[in-house]
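K.L.:
Listed here are the chains, written in short residue letters.
Number of protein chains: 2
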Amino acid sequence: MKTLNDFNAHDLDRQDPLARFRDRFEMPQGVIYMNGNSLGPLTRDARERMARTVSEEWGEDLIRGWNTAGWYDLARRVGDKIGRLIGADAGETVMCDSTSVNLFKAVSSALDLRPGRTKIVTEAGNFPTDLYMLDGINRFSAEKYDIQILPRDQIADAIDEETAVVVLTHVHYVTGEIFPLRELTARAHEMGALTVWDLSHSVGAVDVRLNDWGADFAVGCGYKHLNGGPGAPAFLFAARRYHETMRQPLSGWFSHKSPFAFRDDFEPTVGAGRMLCGTTGVLGGSALEAAVDLMLESDQAERLEKMKLLSRYFQLLVGERCQGLGLDCVSPDDVEKRGAHLSYRHENAYAVMQNLIARGVIGDFRAPDQMRFGFSPLFMSFSDIKNAVDILADILGRGSWQAAEYQTRNAVT
Amino acid sequence: MKTLNDFNAHDLDRQDPLARFRDRFEMPQGVIYMNGNSLGPLTRDARERMARTVSEEWGEDLIRGWNTAGWYDLARRVGDKIGRLIGADAGETVMCDSTSVNLFKAVSSALDLRPGRTKIVTEAGNFPTDLYMLDGINRFSAEKYDIQILPRDQIADAIDEETAVVVLTHVHYVTGEIFPLRELTARAHEMGALTVWDLSHSVGAVDVRLNDWGADFAVGCGYKHLNGGPGAPAFLFAARRYHETMRQPLSGWFSHKSPFAFRDDFEPTVGAGRMLCGTTGVLGGSALEAAVDLMLESDQAERLEKMKLLSRYFQLLVGERCQGLGLDCVSPDDVEKRGAHLSYRHENAYAVMQNLIARGVIGDFRAPDQMRFGFSPLFMSFSDIKNAVDILADILGRGSWQAAEYQTRNAVT
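Here the protein sequences come in this chain order: A and B. Taking the numbering used here, the leading residue of the first sequence gets 1265, the next gets one more, and so forth. Taking the numbering used here, the leading residue of the second sequence gets 1265, the next gets one more, and so forth.
Hints were generated in silico from the structure; no laboratory data involved. Cβ coordinates follow ideal geometry from the N, Cα and C atoms, glycine included. One or more hints might be untrue.
Claimed, not checked - The calculated DSSO-like cross-link candidates involving lysine-lysine, where the alpha carbons are at most 30 angstroms apart (straight line), are: (1) K1408/A / K1572/B; (2) K1572/B / K1345/B; (3) K1383/A / K1408/B; (4) K1345/B / K1408/A.
Stated by the list, open to error - Covered stretches of chain A (chain B as the covering partner; in silico rule of three or more C-beta atoms under 8 angstroms from a C-beta of chain B): (5) 1311-1319; (6) 1324-1335; (7) 1599-1607; (8) 1626-1636.
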């Protein structure tokens, strides 16, 4: 059997069943975009949809757009579409707010469903906003929780009968390491605890089967692998078994049973809609819907397979071409154990990445010394990978990069 | 001195200093749009800005847009621009999230600044999401508050030394009545309480001078008179004197002192930025910025004056033309005491509004029996008012409207 080594980029591209999707993206000339894990690129569909939503739905329909253009259902409709990418059933996912706000809602709900328990377990080095939101919850909630922020290898053991909620990120934002969602959820359930999973780096990128794996709550980001646009709305999944009992603090009118009855008393709707809060952001939500629709056009198995191939191919070429040039991979060596990006440490990581960007290879930098390279099966080719590694090897080999001072505002992960 | 009665619509239009702004809006042919108080119409600038943000900033700049296109500063930049419309100083207002979420943040902060006090005072018939958010706060917060939902005339007396926060809406969403922000804030301060004002129907429409009037916190909507687009981001004002001490539960990474240091510990920034939470929604925020820029091009005094003239002219003509036809105005008779819309009760309000809309006059309906008509000085003419009343009088006079069944999902206020 042939291995990846036996193929060149051209062969791999010729056999790529997803190659036809590349033209659906509006990629600038000369750019190899390895940052879909941070901000997915613009699709043609999203551009056209935005023009239509702005000029026709808003411009022509005006207030009537809430009915004629389906704005009122947007949060649930796009939620359901995202749900198909993460193994949720219809009615379990809504699109709304930011990932941070959705974490607040999901964690608060889970805590409320486990009264009397006083412990929250999460990971040290989790994406910071996840930890920050727990800090805010604890400062204001009636119960003061013991928030245990632990190294990855201590998480499972720390889940006990005092534990109310386990808050973890499925794919780590730096290393790309995949946390075993199914096993940790089972462990939590065994102890009577609930789980909230952050799928920001998972959705649209890796295999996620929330219901098969027994998940309780999950949140995630619309602007990374979903290609929803800068600051796109996020999503929230709540397993159906909690739809009648869960409560969350952000009880805005879009989570009301009858929002247009304008009653003083709050009566929550039943379903994932209970996790909504204020008026749906239609412009951001429309771009996201167009991008998700494109993703649903492609075959999920083909996408997952190609992502792994792109990632392995990069790893292979870097291994061949950049040996001894100071790169240290911090992601799992086994492609099955990592998400859709690879991270490398380099003592001059920031300067190297600035040089890569100047030559059209856009990855990103994470302080203090890491570079991330993302793999996006719908718009990347194997030739992109080869060309990117050529440029990377050239920059590293010459060691002549211009020192660049790190700007803290350089990117939004 | 001539009164409004002495002028015809044509004269009034000829003397209108804001007439030139009408062409900046993309109003559909044949529509008289009296619903800017619910969803402001599309401006040419917002349409062009969206095309640019989508195709150039997102499409071309990709992740670099956070720096090159100023996305990172968007929340503060647009916040400051909105601040100029409500009498805030630079640095006191941020654009973010929804009005509901911002209410949660502002009320929680205010409560946190008044420990030991146990009472929240608000109005019966306030816009429901304001009441719903208080319900959610109370259910989850450490302190259980006595939330007093009172008729308007009992509010001032109810504010006492037990009162932590007074949560009121400046312009009532149905009647348009203006609550005396300055006097009630003074009353609250006299008792040691803080205030949170909802400016959703005020911003861009009526005179608001938050700092002159001693306001503590305020929130408001981007999609009504600001013309920011369907579900546009909202805003939050926090007076500078609280910038170092206020805390809010939604402590996401955009409210961190150093978000890109990716530290586990939460350390809030100083300033209104402390009221941010997750990643800024760039598409919605960009449309809102373009719309607010247009508003700032116009003279605030001229806008306020013309709004009142439009409103008085409508009132005058309805008085002349619709007498005895079953309309009952529920808004204050004095234009100085109401915001930028008039509400009328009619026993067939829903059917009448459906007929008006069918004939191009778009106002809205609020259950069970009220019609709202909004006045927007930048895109409405006095001829619009005259024509709208002609059509209204014709429909009411004939009494031959088709019965229409009320759809609860008919609009988002």
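K.L.:
Against the 30 angstroms threshold, does the CA-CA distance of K1572/B and K1345/B hold or violate the hint?
P.N.:
Given pair K1572/B, K1345/B holds - Cα atoms ~23 angstroms apart, limit 30 angstroms.
K.L.:
Quick check: do three or more residues in the stretch 1599-1607 of chain A have a beta carbon closer than 8 angstroms to a beta carbon of chain B?
P.N.:
Answer violated; 0 residues pass the 8 angstroms Cβ test.
K.L.:
Is the listed coverage of the stretch 1311-1319 of chain A by chain B valid when you require three or more residues with a beta carbon under 8 angstroms from a beta carbon of that chain?
P.N.:
Result for this restraint: holds, n = 5.
K.L.:
The stretch 1626-1636 of chain A covered by chain B? Criterion: 3 or more residues, Cβ-Cβ distance below 8 angstroms.
P.N.:
holds (count 4)
K.L.:
Quick check: do three or more residues in the stretch 1324-1335 of chain A have a beta carbon closer than 8 angstroms to a beta carbon of chain B?
P.N.:
It holds, with 8 qualifying residues against the three required.
K.L.:
Between K1408/A and K1572/B, is the straight-line Cα distance small enough, at 30 angstroms or below?
P.N.:
violated (52 angstroms)
K.L.:
Do the alpha carbons of K1345/B and K1408/A lie within 30 angstroms of each other, as the hint requires?
P.N.:
violated (39 angstroms)
K.L.:
Quickly compare the C-alpha distance for K1383/A and K1408/B to 30 angstroms and report which way the hint goes.
P.N.:
Roughly 22 angstroms separates the two Cα atoms, so the pair holds.
Taken one by one, the earlier hints fail for this structure at numbers 1, 4 and 7, listed in ascending order.
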